[in-house]
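Undergrad: Required output: the full structure, derived from the provided sequences and hints.
Protein chains in written order, with this note's numbering: chain A, 5 to 455; chain B, 1412 to 2221.
Read the hints as simulated data drawn from the structure, not as lab findings.
Here are the computed distance ranges between Cβ atoms for each label pair:
# : chain 1 : residue 1 : chain 2 : residue 2 : range
1 : A       : Gly274    : B       : His1489   : 43 to 51 angstroms
2 : A       : Val442    : B       : Ala1820   : 44 to 52 angstroms
3 : B       : Arg2124   : A       : Glu345    : 33 to 41 angstroms
With a cut-off of at most 20 angstroms between alpha-carbon atoms, the simulated DMTMM-like pairs for lysine to aspartate or glutamate come out as follows:
#  : chain 1 : residue 1 : chain 2 : residue 2
4  : B       : Lys1457   : A       : Glu98
5  : A       : Lys154    : A       : Glu267
6  : B       : Lys1457   : A       : Glu120
7  : A       : Lys353    : A       : Asp76
8  : A       : Lys316    : B       : Glu1952
9  : A       : Lys154    : B       : Glu1560
10 : B       : Lys1810   : A       : Asp213
11 : A       : Lys154    : B       : Asp1950
12 : A       : Lys221    : A       : Glu235
13 : A       : Lys221    : B       : Glu1880
14 : A       : Lys154    : B       : Glu1945
15 : A       : Lys221    : B       : Asp1823
16 : A       : Lys221    : B       : Asp2210
17 : A       : Lys221    : B       : Asp1867
18 : B       : Lys1457   : B       : Asp1483
19 : A       : Lys316    : B       : Asp1950
20 : A       : Lys221    : A       : Asp231
21 : B       : Lys1755   : B       : Asp1718
Even for Gly, the Cβ is constructed at its ideal location relative to N, Cα and C.
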Amino acid sequence: MKNWRISRRTLLRGAGVSLALPFLEVMTPLSARAASRQRPPLRLGCLYLPNGSPESAWNARADADGRILSMDENMKPFEPFKGDLQLITGLQSELHGSHPAASATWLIRPISEGDEPNARRGVGGVSMDQIAAKAIGGDTVLPSLEMITKPEGSFATNVERNNISWSSPTTPMPRETDPLAVFRRLTDPAAAAGRRRDDTRTVLDAVMDDARSLRGKVSIADRDKLDEYFESVRSVERRIALADSEQVRRSRALLSKVGPPPERRPEDHGEYMRLMFDMMVLAYWTDSTRVASFMLDHEQSNRYFDFIPGVKGMWHALSHWRDISGKTEDDDGKTSWSSREAKHKQYLKVIHYHNQQVAYFFDRLRGIEEGGGTLLDNCVILYGSPFEDGHEHASERVPVMIAGRGGGKLSTGRQLHYPGGQLEGVYISILAALGVQVEEIGGTDQAIPVT
Amino acid sequence: MRFLLSTSLFLSAPLGLPALGALGEADVRPVLERYCFKCHSEKRVKAGVSFQSFGGSLDVWRDRSTWIRVRDAVAGGHMPPEDATRELPDAERSALLRWVDHTLDNVDVSRLPEDPGHIPPRRLNRTEYRYTVEDLFGIETRSYAALPEDQAPEGGFDNEAATLSVQPLLVERYLQAADVAVEEVWGDDDALRRLVFVSPPVRRVVADGIMPYVSDEAVGGGLEMGDGSFTVAVRFRTTAGGALFSKAPEGDSWVPDAKVLFVSDSGRVAYDIGWLGEVHTRRGYDDGRWHVAVLHQAGGVVSIYVDGKLEVREEMATPDVAGHRFKVGAAGDEFVPFAGEISKVEFYNKGLGAQEIRAAARGRAVGPRPDFVWGFPPTVAARQDPPFDEAAAARRVIKTFLTNAFRRAVTDAELARYHALFQQARSLGDDYHTAMKLPVRTALVSPAFVFRAEGDQGARAAHRVTPLELASRLSYFLWASKPDMRLMKLGATGKLADREVLEAEIARMLADPRSRRMSARFANQWLRIDGLGETVGPDRELFPHAGPELLAAMKEESVWFVHSIFAEDRSVLTLLDADYTYLDGRLARHYGIRGITGDRMEKVRLSGNHRGGILTQASVLTASSSPRRTSPVFRGKWILDVVLGQPPPPPPPDVPSLDEPGGGDPVDLRSSLERHRADAACAGCHRRIDPLGFALEAFDATGRLRPGPVDNRGALPDGTAVEGHVGLKRVLREEMAQEFVRHFTSQLLCYALGRELVFTDEGPLQTILSRVRDAGYSSQVLIREIVNSYPFQYRRGPDGENTPMGGQRP
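TA: In structure tokens:
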């Protein structure tokens, strides 16, 4: 475990110069290099923080022009990155206080009143990251990568609270919970699809024939299920085709030098999260994917935090910090608060702890050189939560952060205040920065400028 | 025809005899037009509510959840809003409310359309995939681990068609899973023999199975191939070569110090030590004649003799590697498996003398007895095999397999396709058995295997499913797996359409151990104990005794108990209270019950009245607690959700707590009044939730009986006082049996159909309920009536409405 981290660190940091990226100059013939300086691709990341964050704890000190001078207390982990990010405040996205809606529709749209999202009937649309994946994910081994920390608690198997990435209104993308599984998907697409490549092609040809004959037998309206199957077969075919490409062989060579992460998930939760972030870094670094989402936890998570100094309590219970009666249904009753303020402090510490892990991720991204800048420069990382204050379930003034310069398209180091603006407007701008033009998202066509 | 409306319990509407208000069916629409249409009609649809097409009661039944919202909004005075052009006079308001309440509470099923509902083609979920593979091959499998974990929609089960989506990643996962399953089958001689039941007379089949032969640990470890001396003699015949024997890891990788004797591409007999080197004979022996090769090692020197002659002698030896196995006919992935015949392998755990080696190399008996012999009994080897029609045999094998895997008759086109796969592998050099891997692997990825799809039979309207489709519906309901051969046959011949045959099959299937899978899957999800020990569990610091074994035993108790209800045809009401349960030593100790030891669950007769029934099982009591303490709120909600099917509405958002400091100025006063109203609503629910949970307070957060007297006075939602868990169980059984049976039945129906219940299911549900009631709440009658019900027996295409039954979530 330790060894693995050291060797990888050596690679990403120490040897970073010589192994900076697949498009590293040394790998391109000199003449070609002179002819066209390849621009690094842009990457999108969506990091989901459940249970909300109060606006008061999602702040920075800025000058009159919005230039960030320093990060506020709870955001201190981002101090080293204050020049690499934008803090966007004042936005709203109506959720009517619903936890399932919070996660399931975070990247989609506001829901109408009384309309609890339900995966059976669809959650209202395709999520922003999947719109991006469809547009810019075609050239990479993985069109997109979805991750979540292993869910715990009563809602661990609930569809709506466990998915932010939807390729269709009823199709959540399966998420990875295991660093090693992510690594394996990155390293050996052909192996992932079966050891004997030619056999796999044969198998796929045959099952496509099966699918076509089955398709003829079902109702027309039921064919979309089989069309999803066709789509799934095609995605394997695409990966097999890519497996021989120079790009994939190069990335595999890089990853084999890094070596796989440990077999077992680390016991330490922070260590586990950082390892997941490492996988995301590797995926970006090797250009194995350009779109990734990571739920730091599932919505309404009641993960028990007693390993953060000064915290003893369950996340969702802590988020209802105004209630100190100890009678909230998921309140553990042993959480040691003496006052509402003390409980509020613990709630913020949990958010602070997750901010620390996200800052680690930014640090990793910034530590890798790419195309004359850093990997972070070529990213657009959205970090936020659909709720403002967890107790109020408020969806006004929701916390939003965008890190990375999007290859120079985004101006960073500033705090933008858009009182009353629609969160979805940011998505329009993010997609535009990635070169994906959409007219509207979630009923709004008002882009919130972040470029 | 009246059924209890779940949500009425939380509202002021009296549950007594409904007095029909002044409004008749025809009077309602004018009221809506006058007061609501401005914002809720064709012109404008605010909050997703439109009364444009409203006709009468049927619309209320069709869209219960909207109407519950409407009623709440009108009753709470939120609608029409303050700024509405017309104020709704109190008399009309209460008349409208009376009509809505009455209509919600009194469903006239004779007016509901008959509709079996639509079930789209669905993929097997992970659990079903697992059991289907196990039953298909007769093995235990780990293959399913590659598939995405099952998830359930809000308030549903993990087998619901609408949420079993096919993601881009899925086929890749199916390929991985199929690889694992194929390796499992080919690694299990019995399973392979069952699958490839027509054997070819290829001499690869030996006395105890099929090549490659892999020695077991005891034998493999005893075959010392280290620095010490040893001798191996192999009699073989080939035109293609391959590994004769090896001592290598059981898996595929070729590692340092692994050892193999093989016939090379050029026909030479060669000995290879991983990463060290290779020695080989000068001439080839792949002439199709019988040869005997002897590998001899002594004092660090290796010699190869063929047919009695010394061919090569060189210094090359390494120590043996612990854990390496002795294999015949195979080595690691760098060596092709042996193609040809091996009739005998003799292993001498010592060096033989030169004379003895020469004798062995001529195939003659030598002095010492070999330490290990692999080969044919002479009689088998001598037997004349019947002529073997490989193509016909393969076709028979594939047809049987596909019929089983696809759960239906196989078409000629499919048979041709899969046979072609076999032939392709054969032509690439795979032997008969190995070549069968390709069609099997393909079938496991095919949509015909991974989907449960039913045909339209050319009809758009509702129609009965075919007997064969019924066989699958039945087996996935009762076994979470494919139908067995008998059930498939009854389906294919149409006999399953006969009610008597069908009911006999249900009885047979319930008696089969596979029915325990239904009990486990259903009980775990219905009781919400699925995550216990996996994603939820007590705090180890406070409850050090509640380790993973105890939590597993808790779940087992509930599963065994629920299963006993079905398997022994007990009354469904037994679930609420019983005089027996299932315990192992650990759980018995936890309960303070003496005399049970060991790890096996056994049936225990209960004395006293603390345990018995789901409510007082440790699984439920633990899962409905917080990690560090009991939660009367959560337990109360659990009873409402799981036992009575009357879930309280989700807590309203934006509710500050009662002790919010108020301000003096008018704006604050106003807002704090609003909060207080919201708080009243909040308190209104909790007054109904919490007292139920308090009745279980005698048990701690791990379901242990607390020592000493505990205040466990509770109350039913209607205010009836209950005295602890004993009183609660009695009252539930005696006074709330109807609610419980209705909810339990609708849950089981939902699981059986694999879809959300819709409003047209009300009729079939009531039919099932009345028959179950008449049969003294027999659990097997319940299952039989579900299978006989209209939605289970019929299907229709996707056109048409699928409005959820509603009433669950105001």
